[in-house]
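Student: Protein chains in written order, with our numbering: chain Y, 152 to 561; chain R, 152 to 561.
Take the hints with a grain of salt, since some may be wrong.
For identical chains, the list gives no copy identity; a pair is met inside one copy or between any two copies.
[Claimed, not checked] Taking lysine-lysine and the BS3-like style, the derived pairs with C-alpha atoms no more than 30 Å apart in a straight line are:
#1 Lys-251 <-> Lys-229
#2 Lys-394 <-> Lys-224
#3 Lys-420 <-> Lys-561
#4 Lys-224 <-> Lys-377
#5 Lys-224 <-> Lys-561
#6 Lys-209 <-> Lys-229
Honestly, the hints are just simulated from the structure, not real lab data.
In this text, all values refer to a predicted model and were calculated from it rather than measured experimentally.
Protein chains: 2
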Amino acid sequence: MFAEIITIGDELLIGQVVDTNSAWMGSELNKAGIEVLRITSIRDREEEILGAVDDAMKRVDIVLVTGGLGPTKDDITKQALCRYFNTRLVFSQEVFDNVKRVLATKIPMNALNRSQAMVPESCTVIQNPIGSASISWFERDGKVLVSMPGVPQEMMAVMTESVLPRLRERFHTDVILHRTFSVQRYPESVLAERLEEWETALPACLKLAYLPKLGIIRLRLTARGKDRAMLEHALDEETQKLKEILGDAIFSEDDTPVEVIVGQLLRGKHLTVATAESCTGGNIAARLTSIAGSSDYFKGSIVAYSNEVKMRLLGVSPQTLEAHGAVSEQTVVEMAKGAMQALQTDCAVATSGIAGPGGGTPEKPVGTVWMAVCYKNEIRTLKQDTNRGRALNIERASNNALLLLKDLIK
Amino acid sequence: MFAEIITIGDELLIGQVVDTNSAWMGSELNKAGIEVLRITSIRDREEEILGAVDDAMKRVDIVLVTGGLGPTKDDITKQALCRYFNTRLVFSQEVFDNVKRVLATKIPMNALNRSQAMVPESCTVIQNPIGSASISWFERDGKVLVSMPGVPQEMMAVMTESVLPRLRERFHTDVILHRTFSVQRYPESVLAERLEEWETALPACLKLAYLPKLGIIRLRLTARGKDRAMLEHALDEETQKLKEILGDAIFSEDDTPVEVIVGQLLRGKHLTVATAESCTGGNIAARLTSIAGSSDYFKGSIVAYSNEVKMRLLGVSPQTLEAHGAVSEQTVVEMAKGAMQALQTDCAVATSGIAGPGGGTPEKPVGTVWMAVCYKNEIRTLKQDTNRGRALNIERASNNALLLLKDLIK
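Kindly generate the complete structure, drawing on both the sequences and the hints.
Tutor: Quick look at the structure:
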């Protein structure tokens, strides 16, 4: 069973908004056994919407459209779909009541919001639980097109509560299973060489893909077919072989982010953690606290951007800073110890580096980051030294620091 | 002049990777006067690549392709393009030398990396300054197709250094100008009503779009035509009218993120800042330090996730926590003052809230966030109270806290 996604909005084409909806939808559709063949982003122009919709309806049975349903002039998806499905907009009291309910506590009802209650006559209307744009479900020649709002949280609510269950009910779908392995310590081509023999011998129902990202390579093994038990068995067998080849370089088997793995380890061992961050500027803390329930093990963080703060709040000695500089193994070790002390935790992670673009020297070029982790009396340190630009240097240092912490407490 | 972007990779369709390349490319192409008509993401399958490429080449003059150029088996873009352009892969000593140079210090050369030196015979090859996949520039019937790697930093380097300058030279392009206004304190429909009369009277060369995002609405005014001076004049005139209507609700006229505006204000007034973060968990610090040179005004942050840390490091009184709770106006005021004191800064911003999904009570439901900003003896506070899920609650609180700080120090 194949689907296509069409996202509508000038803002996507001129690059002011990144289309995150498609990735989320692709992932959810896959879990439901529906494979996404193509994602198309187009502008808010009737002819272009009609062209893209018509192409997609010819290729696949399910077309999911997001965007262009707001109350403003640039939003024309409803009108375009009325033309495509040869129908017209009619007033829906039910949608009007829902718009009133959704907006009730927030903002006054006006003519623009009232226009949200006009819906295509020939479609099945699905109510939006948290926004004012209703959802239109069209059917033609056994094919389905669903038009949803482009606001991510509204689209997600509608997909989860209504669209995915209805699609599952309406279509019979192939079984698609994914296993994703996160691998540390391997460059892509070295990993590919290491896995070549195994990959070539994979059964026909399995396919391997490499997804490299800032010091981590995710390997995705996909199984597709009719017989779930057979696919599960093939995945189990190949997973076993892969683990024999790569050993503990595989640190996750379900695409779990490293901050979640660290959180699970800390929770399981009843440990608390703190961070002392210079160049990562709070990123590690933000990643750890992005996980619900992280207050059980995360106590806090000291972001020490200036040497003064490193000394006063983390107890880094002036002699260390003088002799070795802020970006040094000695300093990050003192920072990590200082964070454990100041925040009274069982372990800590510290970073100090030159994120760039300025601040580099011949001895310590931009991209140099020292990191340390402490767990009781044990300490490990690591130096990162490739420059990939400020944002990626920070993100990669956060990845590496979290991996270092994981390896130590594990 | 129109272009289309095609991004290739199974990982995009199953949603394991968000396509951020297209937005960046769309934005850069626009600045060069090239309008992106469509973005298409497809799988690593030869037939699908051929179909998408052929459709795009029929519609527009410029087709930019990213992805599928890695050394592994799932990467087949080069082979597919050879078939489309009726050519074959040949060995390039120049590319081979470049691959050796790029990989030299990092990883050993192997057969897979050597395969990177095979290039389509009929294309112009552009060297990749930072990666091993070379760039292919094809021409046919006056149209151009460029195939680039999918790794974002490689694509960006290649676009900036080679592809955009060559496209500008090769094609004559329309002038496209954008102005983006960031507006605070308005729900979308109220803003649209306020602007309706002005918007209806806009000259034909101008187009308005609304881009709402977590408490901020960005308004984008786009001018398109041949005569740059005329377009600039029209934009100036309408900008003046818009500013008369909205006044200081417009806080940025060039799409500058609020953390950059805050940074500029702090730098201009020679002020230093600290953050004291509970529910935002380091996000505000991370945003402030995402800006190069932020060490000039950002001294550090205390992320105080536990009450214990709020008391010990920020000096919040136990009586305040007891009487009003951690999520209260009184607590955030003491946190902000405490951060100014502990980090010895001129101003500070503090947050405390219930990010969710757990932890809500009838009096303080999930989504409740208190924030405070201090500047010398002045204090302002704000309460945010809509629940949009953990990640968005945190991001929106960070936005609002930074806006509050901006308003106070301005």
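Student: Give a verdict on every hint.
Tutor: Status of the hints after comparison with the structure:
Taking the shortest alpha-carbon separations for Lys-251 and Lys-229, only the intra-copy value of 20 Å comes in at or below 30 Å, while the best inter-copy value is 54 Å. Taking CA atoms no more than 30 Å apart as the test, Lys-394 paired with Lys-224 passes between copies only; the shortest distance there is 20 Å, against 55 Å inside one copy. Within a single copy, Lys-420 and Lys-561 get their C-alpha atoms as close as 9 Å, which meets the 30 Å cut-off; across copies the closest is 48 Å, which misses it. Taking the closest pair of Cα atoms, Lys-224 and Lys-377 come within 30 Å of each other only across two copies (25 Å); inside a single copy the shortest separation is 47 Å, beyond that limit.
Within a single copy, Lys-224 and Lys-561 get their C-alpha atoms no closer than 56 Å, and across copies no closer than 34 Å, so neither meets the 30 Å cut-off. In this homomeric assembly, Lys-209 and Lys-229 come within 30 Å of each other (Cα to Cα) both inside a single copy, at 20 Å, and across copies, at 28 Å.
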